[in-house]
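**Q** Kindly generate the complete structure, drawing on both the sequences and the hints.
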Amino acid sequence: MNPSTNSNVDVKGALVKKGAFHGFFTSFPLPLAPIFIFLLFFFLWPITALTGNAFKSNEGAFTFSNITMLFQDPYRMAFKNSISLGLISALVGAIPGLAIAIAIEKQGSRTLKKFISSISGVLANTGGVPLAFMFLAAFGPAGLVITALKSVGIDLYGLGFNLFSFTGLIIVYAYFQIPIMVIVITPALTSLRKEWKDSAASLGASRFQYWLKVGIPILMPSFIACYLLLFASAFSAFATARAMTVGNIALVPLQIGSLVDGNVTINQANLGYALAFGMIVVSLFAMIPYIWIQSRTSKWQNR
Amino acid sequence: MKNLGSKLTLVIAGVFIFFPIYAATEFSFRTGATHSHGFAAYRWIFEQSGFLENLGITLRITALAVILNLAIMVPTVTWLHLSGQRYKRLIEILTILPLIIPVVALATGAQLSMPGFMQNSVYELSFMYVVVAMPYTYRALDIGLSGHPLSTLTNAARNLGASWLKALTSVVIPTIRPSVLAALFLMIALSLGEFTLAQLLHWTTFPVWVTNVSQQNVMGATALGMGSLFFAWILLFAFSFIGGRNSSTVQEEE
Numbered sequence: 003m004n005p006s007t008n009s010n011v012d013v014k015g016a017l018v019k020k021g022a023f024h025g026f027f028t029s030f031p032l033p034l035a036p037i038f039i040f041l042l043f044f045f046l047w048p049i050t051a052l053t054g055n056a057f058k059s060n061e062g063a064f065t066f067s068n069i070t071m072l073f074q075d076p077y078r079m080a081f082k083n084s085i086s087l088g089l090i091s092a093l094v095g096a097i098p099g100l101a102i103a104i105a106i107e108k109q110g111s112r113t114l115k116k117f118i119s120s121i122s123g124v125l126a127n128t129g130g131v132p133l134a135f136m137f138l139a140a141f142g143p144a145g146l147v148i149t150a151l152k153s154v155g156i157d158l159y160g161l162g163f164n165l166f167s168f169t170g171l172i173i174v175y176a177y178f179q180i181p182i183m184v185i186v187i188t189p190a191l192t193s194l195r196k197e198w199k200d201s202a203a204s205l206g207a208s209r210f211q212y213w214l215k216v217g218i219p220i221l222m223p224s225f226i227a228c229y230l231l232l233f234a235s236a237f238s239a240f241a242t243a244r245a246m247t248v249g250n251i252a253l254v255p256l257q258i259g260s261l262v263d264g265n266v267t268i269n270q271a272n273l274g275y276a277l278a279f280g281m282i283v284v285s286l287f288a289m290i291p292y293i294w295i296q297s298r299t300s301k302w303q304n305r
Numbered sequence: 013m014k015n016l017g018s019k020l021t022l023v024i025a026g027v028f029i030f031f032p033i034y035a036a037t038e039f040s041f042r043t044g045a046t047h048s049h050g051f052a053a054y055r056w057i058f059e060q061s062g063f064l065e066n067l068g069i070t071l072r073i074t075a076l077a078v079i080l081n082l083a084i085m086v087p088t089v090t091w092l093h094l095s096g097q098r099y100k101r102l103i104e105i106l107t108i109l110p111l112i113i114p115v116v117a118l119a120t121g122a123q124l125s126m127p128g129f130m131q132n133s134v135y136e137l138s139f140m141y142v143v144v145a146m147p148y149t150y151r152a153l154d155i156g157l158s159g160h161p162l163s164t165l166t167n168a169a170r171n172l173g174a175s176w177l178k179a180l181t182s183v184v185i186p187t188i189r190p191s192v193l194a195a196l197f198l199m200i201a202l203s204l205g206e207f208t209l210a211q212l213l214h215w216t217t218f219p220v221w222v223t224n225v226s227q228q229n230v231m232g233a234t235a236l237g238m239g240s241l242f243f244a245w246i247l248l249f250a251f252s253f254i255g256g257r258n259s260s261t262v263q264e265e266e
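Going down the list, the protein sequences come from chains A and B. Mapping the first sequence onto the working numbering, position 289 (from 1) lands on 291, and the numbers just tick up by one. Mapping the second sequence onto the working numbering, position 53 (from 1) lands on 65, and the numbers just tick up by one.
Because the hints were derived from the structure by calculation, they are not lab data. Here the structure is a predicted model, which is why all the values come from computation and not from measurement. Any given hint might turn out to be false.
Partner residues aside, some chain B positions facing chain A, computed with beta carbon under 10 Å [stated by the list, open to error]: (1) I84; (2) E136; (3) V143; (4) S175; (5) W176; (6) E206; (7) M238.
From the structure, some residues in chain B lie toward chain A, with a derived Cβ separation under 7 Å [what the hints assert, rightly or not]: (8) F31; (9) P32; (10) I108; (11) V116; (12) S125; (13) F139; (14) G205; (15) V222; (16) V225.
Note that beta-carbon positions come from the ideal geometry of N, C-alpha and C, so glycine has one too.
**A** Following this line, the structure appears as structure tokens:
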């Protein structure tokens, strides 16, 4: 408890002393000060520090050499793997997630909706070792599905299936990607008003024409936004990737993990920060369009 | 026909969600190679050193994160709805920013920027968790409050002769309670299972401890994984149940 109070006092003191933000804060409403200080201290400062170090040599001089390292193997390979993992996993999460969200909307009972939204919130936060062991028990070499299929003569592992592979990772990621999709796409589906369907029908449109001319064009921006969110989620997943791979798949979050965990020589210290900076850049490409689309669509969806 | 399709979708989704849970639960009760079942793997958990200690650490980190979240987010969002509408857009953009930065990257940055006295305390994690949860907790509070014309309700209470204190305790707090609980639910769900920040900032929390001991015993690790999931789920379901009860009370009061 003590560090918490101390830190805020310290930050406030530091800000006032520096004076750089003084004018800003006096013209700013006081009730927003806490959230500003919090974000400044625990969000902006870490990112500034890591960006600075990404462009520093070990002697502390400015350099691009850490960044150019990102375009050489094994780091280039890791970015390629992580980006394709993100792109494929997002699709594998988005399509079933949309189908489930539509099914829930159609079934439409309030209790079902409430139950699904609680369970999705819980499942979206499932990951790491517990998730890995769940899939190991089901689809591992001695898992229930694999042994059951073997007893009827189908040897999936003999056919080349492996849970600890890129494909396996995509299947495991689907376990938290699908619930995330259900959570984020549901508001867009509820905004499809029944009146539109009725008016399309009364104007003589078939169900197919309604979806082609009304439903899909309205849902498309939200679907793209949710896809981008799922991309970022799989691209940056760390705990599950760490539990599921045994060093056989190069992924950026894992490389950062081993670099900042100190398993490597000290002269590569800033390379970890350069990798983290690279992740932020890739993530920006997905998340800036996401935020832009979401803010445009939420204007009329929340009415 | 269309109902059949959507029912089938939900059944397939249910199988995909519940089958791995069932498989891991069954696996965790196995004893040895023969297909007999027992609690051996669960007894193994309690024999491991650090079980209660690390569970306690995670619960305390979660508690501090909940308190910080209450102290920072609730007054901010309430103020934005009552008299700071001009700043809503700004705060909306600011609170979504943590979503842009992968947690792995944020953790490496925090390693550099956290002052020494905070790096020496495991509670630095609570502060980071509040930031990571902010895109979700802000939206939960904002959506909850958007449904109620909070300033109209407060003005009405004032016009009817209520004091500011009375307006706060019998109008504002009951109105925002369901959305506050929704935000805290998200905060708890995140802090109980968070691994990345804890691992990269070199702290042994419960999820980190689970990962470490899981390398020793597959059966025990499965039991531990399922035990920790069920513990979190029960806690969260209990919490959403309390939340649901409170929101219905509010509706009755309205």
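**Q** So, for every hint listed, does it hold in this structure?
**A** Here is how each hint holds up against the structure:
The criterion of a C-beta within 10 Å of any C-beta in chain A is met by I84 (chain B), whose closest approach is roughly 5 Å, and the hint holds. Proximity of E136 (chain B) to chain A holds as hinted, the smallest CB-CB distance being about 7 Å (cut-off 10 Å). For V143 (chain B), the interface hint holds, the least distance from its beta-carbon to any beta-carbon of chain A being 5 Å, beneath 10 Å. For S175 (chain B), the shortest C-beta to C-beta distance to chain A is roughly 21 Å, which exceeds 10 Å, and the interface hint is violated.
The restraint placing W176 (chain B) at the interface with chain A is violated, with a minimum CB-CB distance near 15 Å, outside the 10 Å limit. Interface hint status for E206 (chain B): upheld, as the beta-carbon distance to the closest one in chain A is roughly 8 Å, under 10 Å. Hint on M238 (chain B) holds. Least Cβ distance to chain A is approximately 7 Å, under the 10 Å limit. Taken as an interface hint, F31 (chain B) checks out: its beta carbon lies about 6 Å from the nearest beta carbon of chain A, inside 7 Å.
Checking P32 (chain B) against chain A: minimum C-beta separation of about 4 Å stays under 7 Å; hint holds. Hint on I108 (chain B) holds. Least Cβ distance to chain A is approximately 6 Å, under the 7 Å limit. Using the Cβ-Cβ criterion of 7 Å, the hint placing V116 (chain B) at the interface with chain A is satisfied: the shortest such distance is roughly 4 Å. Nearest Cβ of chain A to the Cβ of S125 (chain B): about 4 Å, under the 7 Å cut. The hint holds.
Contact between F139 (chain B) and chain A, as hinted, is supported at the beta carbon level, the nearest pair being about 5 Å apart and thus within 7 Å. With a least beta-carbon distance of about 5 Å to chain A, the hint placing G205 (chain B) at the interface is held under the 7 Å criterion. Here the hint on V222 (chain B) is kept, as its CB sits about 6 Å from the closest CB of chain A, short of 7 Å. For V225 (chain B), the suggested interface contact is broken, since its CB lies about 9 Å from the closest CB of chain A, more than 7 Å.
Of the numbered hints stated above, those contradicted by the structure are hints 4, 5, 16, listed in ascending order.
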